[in-house]
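One line per chain: the protein sequences are A and B, in this order. Under full-length UniProt numbering, the first sequence has 302 at position 302, and the numbering climbs by one with no breaks. Under full-length UniProt numbering, the second sequence has 75 at position 75, and the numbering climbs by one with no breaks.
To be clear, the hints were calculated from the coordinates, so they are not data collected in a lab. Glycine is no exception: its CB is placed at the ideal position from the N, C-alpha and C atoms. Careful, some of the hints might be misleading.
Cβ pair distances, simulated, as ranges [stated by the list, open to error]: (1) A/Ser101 <-> B/Asp241: 55 to 65 angstroms; (2) A/Cys282 <-> B/Leu135: 32 to 42 angstroms; (3) A/Ser101 <-> B/Leu135: 48 to 58 angstroms.
Capping the alpha-carbon separation at 30 angstroms, the derived lysine-lysine pairs in DSSO-like fashion look like this [to be verified]: (4) B/Lys58 <-> B/Lys47; (5) B/Lys175 <-> B/Lys237; (6) A/Lys391 <-> B/Lys58; (7) B/Lys76 <-> B/Lys175; (8) B/Lys175 <-> A/Lys391; (9) A/Lys391 <-> A/Lys363.
Simulated coverage check for chain B against chain A, where a stretch passes if three residues somewhere in it have a Cβ under 8 angstroms from a Cβ of chain A [to be verified]: (10) 76-84; (11) 178-185; (12) 189-196.
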Amino acid sequence: MASAAAPAAQSAPPSLSLPPSQFARLQPHAYLLAHLSPPATSNQPSIRANGRAPSQFRITSANTGSLTHTNGSAVVRVGDTTAVCGVRAELLPTEDIASWSVSRSAAATTNKRRKLTDPTQKLTEEIGDESDLDADADDQSHIEDLNLLVPNLSLSTGCAPGFIPGAPPSSLAQSLSHQILALLHTTRLVRAEDLRVWYQPPNLGAEDLERHNESEQMDVDAEEAGEKDKEIKAFWVLYIDVMIVSLAGNPFDAAWASVLAALRDTKLPRAWWDIDNEMVVCSDAVSESHKLTLRGMPVASSFCVFEADAAAGWRAVIIPDAEEERQIEESNRKGVQRRWILADPDGYEEGLTQERACIVVDKKQGGKGKLVIVKMEKNGGWALDSEELRKLVDISAKRWEDVRQVIGQC
Amino acid sequence: MVGPTTSLTPLSRADGSASYQCPATGANILGSVNAPIELPGRRDALKPEDATVEVFIKPGTAPGGVGERYVEGIIKSMLGRLVLGREKSYARRGIVVTLAIVGGESKPRGDSYLTVLPALLQTSLLALLSASVPLSMTFSATVLGVNTLGEIIREPAPTDAAAATSLHVLAFSSKGHLLLNESRGSFDFDTWERIRQRALTICHGTLSGSPDGDVAMVEDVDGQPLEGVVRETVEDKYHQDYAWKIDAA
Numbered sequence: 001m002a003s004a005a006a007p008a009a010q011s012a013p014p015s016l017s018l019p020p021s022q023f024a025r026l027q028p029h030a031y032l033l034a035h036l037s038p039p040a041t042s043n044q045p046s047i048r049a050n051g052r053a054p055s056q057f058r059i060t061s062a063n064t065g066s067l068t069h070t071n072g073s074a075v076v077r078v079g080d081t082t083a084v085c086g087v088r089a090e091l092l093p094t095e096d097i098a099s100w101s102v103s104r105s106a107a108a109t110t111n112k113r114r115k116l117t118d119p120t121q122k123l124t125e126e127i128g129d130e131s132d133l134d135a136d137a138d139d140q141s142h143i144e145d146l147n148l149l150v151p152n153l154s155l156s157t158g159c160a161p162g163f164i165p166g167a168p169p170s171s172l173a174q175s176l177s178h179q180i181l182a183l184l185h186t187t188r189l190v191r192a193e194d195l196r197v198w199y200q201p202p203n204l205g206a207e208d209l210e211r212h213n214e215s216e217q218m219d220v221d222a223e224e225a226g227e228k229d230k231e232i233k234a235f236w237v238l239y240i241d242v243m244i245v246s247l248a249g250n251p252f253d254a255a256w257a258s259v260l261a262a263l264r265d266t267k268l269p270r271a272w273w274d275i276d277n278e279m280v281v282c283s284d285a286v287s288e289s290h291k292l293t294l295r296g297m298p299v300a301s302s303f304c305v306f307e308a309d310a311a312a313g314w315r316a317v318i319i320p321d322a323e324e325e326r327q328i329e330e331s332n333r334k335g336v337q338r339r340w341i342l343a344d345p346d347g348y349e350e351g352l353t354q355e356r357a358c359i360v361v362d363k364k365q366g367g368k369g370k371l372v373i374v375k376m377e378k379n380g381g382w383a384l385d386s387e388e389l390r391k392l393v394d395i396s397a398k399r400w401e402d403v404r405q406v407i408g409q410c
Numbered sequence: 001m002v003g004p005t006t007s008l009t010p011l012s013r014a015d016g017s018a019s020y021q022c023p024a025t026g027a028n029i030l031g032s033v034n035a036p037i038e039l040p041g042r043r044d045a046l047k048p049e050d051a052t053v054e055v056f057i058k059p060g061t062a063p064g065g066v067g068e069r070y071v072e073g074i075i076k077s078m079l080g081r082l083v084l085g086r087e088k089s090y091a092r093r094g095i096v097v098t099l100a101i102v103g104g105e106s107k108p109r110g111d112s113y114l115t116v117l118p119a120l121l122q123t124s125l126l127a128l129l130s131a132s133v134p135l136s137m138t139f140s141a142t143v144l145g146v147n148t149l150g151e152i153i154r155e156p157a158p159t160d161a162a163a164a165t166s167l168h169v170l171a172f173s174s175k176g177h178l179l180l181n182e183s184r185g186s187f188d189f190d191t192w193e194r195i196r197q198r199a200l201t202i203c204h205g206t207l208s209g210s211p212d213g214d215v216a217m218v219e220d221v222d223g224q225p226l227e228g229v230v231r232e233t234v235e236d237k238y239h240q241d242y243a244w245k246i247d248a249a
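Go ahead and model the full structure; you've got the sequences and the hints to work with.
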């Protein structure tokens, strides 16, 4: 059974002439199992059907700025899975927000509060971006309340045989869109400050004050008054559209990497409130546009669990206890392996596995800080417990370095 | 800690149903299960020897959106692994789980849904038991939050959940396996280990296994373990249904 696919057997033609590709289609489970557990006599390493080691990811490449009509774009390829992401920015004037006049008063009070705590903030700013997170905690709600980030993922591109082009979004596409949005919110990747268009009314009273009294005290007061009048006139809304052009398993990793690369590439034009026309106008000079400053760089890595026993999913009457399971695992360490954790599964492997895990990690201070887990999911089985998840977090940390290089280069 | 309020088979037309109310998170869920039924859209080419699990979630105040699709996917893949879909009369047929969020906070767009997820899972389990769908094991689920001080909050209220640095939903099988983990926010692995330990205690109590393999569930600070809530709900229902027989005896 195993020799059908092994390269060693190809030199000596097997008696049953069945090419490996047909065997893979007829007996997918046995085919993958034969690769992962070759007979001890053959001296073959345990390797996946696609030639990767169990914890090896596919080759990832990224390219940014491919689309000219967007504010930022990226194409990310993870093996044969390709995601194209475009970010378009649109202005949302605050007068179009129905609840703005109500919520603005709340914003003004928080502004005042921040000014009161200003001296302490300057001290903590030097410590790191932790304090910056706290300071932005309340205005982050702008992004969530006003829906300033609108991601959408489309699978109806003819990316895989199962997805009909032009069909309504499948539940997979919808849940992937939701996962991207939820991850954007929890990681707070985009800063609300980058998306605001401020207006500072000219301080007409300042001259008077200065003529009256040259003292510094008055000057500070005038500045304070000016700061207070500063108001938000519009927001940038980022429409983040991801098209999975080719799907060969693991769409989330590729989609998230493309969103990340596209946001890093995004440039917003300089916008200001034109008081004569009473509207927000933008500058078309590229030199005046500014890039988004993102918080951190979370990287997703997905895994699946391949069970050696094809019936493990349903012959459930004899499921061992969690404790027994651990003992079996210990005793089997040298013997036959029962299951494999496969990193970055391709389409073929996804069809053969039920249990999935997805871990999103980030490292603070550009990779020198400590590892932070942003999201950890595991579902569809009982093989992964804390011990296995700890290993997966370590693998994800390595993956973070690789993806950072790939995205950083483009 | 006030435990959840549950009832089995509150609906008479469905094959099985359950309601579940969690006082801490404020979630109030009504669930129904119809099984086994013929599914019109089912393709025979897709796993012909297995049953299909379908999950529908109806939020309280709004039509379902992408967030619901996502939670449906989570519950579906979890139940799909527990339901014995190859039992007699289940192959090629469907198990339809419908969960309606009757009370509690409405979810804004892009919300992680983690605070109601355990209640949805518990309701679906009770409804499946009420419909006597064959399962390989039962489970219990809980949600834990970690606040800015690093303290673990059990089943955080909506305001606590909004302020928490990370939220974790864990489900444990009746045999002690970790069936589901959904964690959001920023945390490190050691924190998660603490969370897992606490969640296991909430679901199973402090285990004191006796030599004959019987596991006694002991009450502690966390009140009655959730695994016991499932058992008691079913026991109560049986007592009610067989009251005539018990009285006669």
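Verification of the hints:
1. As the Cβ distance of serine 101 of chain A to aspartate 241 of chain B is approximately 59 angstroms, the hint placing it in 55 to 65 angstroms holds.
2. Range check, cysteine 282 of chain A to leucine 135 of chain B: Cβ separation about 59 angstroms, and the 32 to 42 angstroms hint is violated.
3. Our hint of 48 to 58 angstroms for serine 101 of chain A and leucine 135 of chain B holds, since their Cβ atoms are close to 54 angstroms apart.
4. Between lysine 58 of chain B and lysine 47 of chain B the alpha-carbon distance is near 28 angstroms, which keeps this suggested pair within the 30 angstroms criterion.
5. Between the alpha carbons of lysine 175 of chain B and lysine 237 of chain B the distance comes to roughly 23 angstroms, so the proposed pair stays at or under 30 angstroms and holds.
6. The straight-line distance between the Cα atoms of lysine 391 of chain A and lysine 58 of chain B is roughly 37 angstroms, outside the 30 angstroms bound, and the hint therefore fails.
7. Under the criterion of a C-alpha separation no larger than 30 angstroms, the hint pairing lysine 76 of chain B with lysine 175 of chain B is consistent with the structure, at around 20 angstroms.
8. Taken as a hint, the lysine 175 of chain B and lysine 391 of chain A pair is honoured in the structure, with Cα atoms around 23 angstroms apart against an allowance of 30 angstroms.
9. Only pairs whose Cα atoms come within 30 angstroms are accepted, and lysine 391 of chain A paired with lysine 363 of chain A is accepted, the gap being roughly 17 angstroms.
10. Check on the segment 76-84 of chain B: 6 of its residues sit with their Cβ under 8 angstroms from a Cβ of chain A, so the three-residue criterion for coverage holds.
11. Interface restraint, the segment 178-185 of chain B with chain A: holds (8 residues with C-beta to C-beta distance below 8 angstroms; minimum three).
12. Only when three residues or more bring their CB closer than 8 angstroms to a CB of chain A does the claim for the segment 189-196 of chain B stand; here the count is 4, and the claim holds.
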